[in-house]
Amino acid sequence: GIYFIDCDRKREEITINSVNILSFFADFNVDDIQNSEFIFVTKTEANDVLKAEYPEFAALFEGDCTLETADGPKNMKGRTEVVDCYYKKYIKDEDGNIKQAVHLMKWARDCILEATEDIPGYEQGMYIHGKYPFVLDVMYPKDESPFGFGIVDVVKGIQDYIDKMDNAISRNTMLASKVRYIIKDHSGINADELSDFSKDIIHAAGDVKEGLRELQCAGLPGYITQYRDRKIEELK
869 GIYFIDCDRK REEITINSVN ILSFFADFNV DDIQNSEFIF VTKTEANDVL
919 KAEYPEFAAL FEGDCTLETA DGPKNMKGRT EVVDCYYKKY IKDEDGNIKQ
969 AVHLMKWARD CILEATEDIP GYEQGMYIHG KYPFVLDVMY PKDESPFGFG
1019 IVDVVKGIQD YIDKMDNAIS RNTMLASKVR YIIKDHSGIN ADELSDFSKD
1069 IIHAAGDVKE GLRELQCAGL PGYITQYRDR KIEELK
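Counting the sequence shown from 1 gives a position; the numbering used here is that position plus 868.
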């Protein structure tokens, strides 16, 4: 999980909101998210809302955009993708000490909408502590990465095995329930009539025993289903 910690200045309280993992981008090669050079968070906003908030850029907010979801790309009608770019820069505080300040720049359709560096009152950055306002809740950490993995990553391999065995069992069931025949070339057996189960009479010329052999798919050994059941218990 990824959480965004901010200050609601109207209610004068701290707010904690979850962030869509698919919309969060940071450096994968640092141990601490605070060491990432940039953090990008994408979101979609209604064009009408953006026009009211940024009337000088009203011409930008037209048409639709595409949102990346767990089920694939999704078309968002009447909305525009907005990117929040958080970054750090070194500044001098009021006492002349060097420190890092966090700034925010927002853009849409390759145009900068606003930046805290240009807003009076943000000379020292957005936060006194100089840290990114994000917390990564990692179940199992990974070395040299701020990201980790969870239960789904642990069990997905087992689930893949179960799915493959289910497919094999289902396919074998279908094949075993269907009788097929091997017919020699020039055997004189009418193959069309043989494959048509509505026919009561099948014409043949010559020795049927020599030209026809039944082909039956063998069932899977019992240990296959037992192994599948053990995998299901392991997944549970």
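A few of these clues could be false.
Claimed, not checked - Distance ranges between label pairs, derived from CB positions:
| # | residue 1 | residue 2 | range |
| --- | --- | --- | --- |
| 1 | R977 | L890 | 15 to 23 Å |
| 2 | A1044 | D900 | 52 to 60 Å |
| 3 | K942 | S1063 | 27 to 35 Å |
| 4 | D939 | F872 | 45 to 53 Å |
| 5 | D1053 | E936 | 36 to 44 Å |
| 6 | P1089 | E1012 | 19 to 27 Å |
| 7 | K974 | R1098 | 29 to 37 Å |
| 8 | S886 | K942 | 36 to 44 Å |
| 9 | V887 | D1097 | 37 to 45 Å |
| 10 | I987 | G1018 | 45 to 53 Å |
| 11 | V1023 | N897 | 41 to 49 Å |
| 12 | I966 | I987 | 30 to 38 Å |
| 13 | G869 | K974 | 53 to 61 Å |
In case anyone wonders, no lab produced these hints; they're calculated from the structure. Each residue gets a CB set at the ideal place from its N, CA and C atoms; glycine is no exception.
Results of checking the hints against the structure:
| no. | hint | verdict |
| --- | --- | --- |
| 1 | R977 to L890: 15 to 23 Å | 20 Å, holds |
| 2 | A1044 to D900: 52 to 60 Å | 57 Å, holds |
| 3 | K942 to S1063: 27 to 35 Å | 46 Å, violated |
| 4 | D939 to F872: 45 to 53 Å | 23 Å, violated |
| 5 | D1053 to E936: 36 to 44 Å | 56 Å, violated |
| 6 | P1089 to E1012: 19 to 27 Å | 45 Å, violated |
| 7 | K974 to R1098: 29 to 37 Å | 53 Å, violated |
| 8 | S886 to K942: 36 to 44 Å | 19 Å, violated |
| 9 | V887 to D1097: 37 to 45 Å | 39 Å, holds |
| 10 | I987 to G1018: 45 to 53 Å | 38 Å, violated |
| 11 | V1023 to N897: 41 to 49 Å | 27 Å, violated |
| 12 | I966 to I987: 30 to 38 Å | 22 Å, violated |
| 13 | G869 to K974: 53 to 61 Å | 24 Å, violated |
Checked against the numbered hints given earlier, this structure breaks hints 3, 4, 5, 6, 7, 8, 10, 11, 12, 13; the rest are met.
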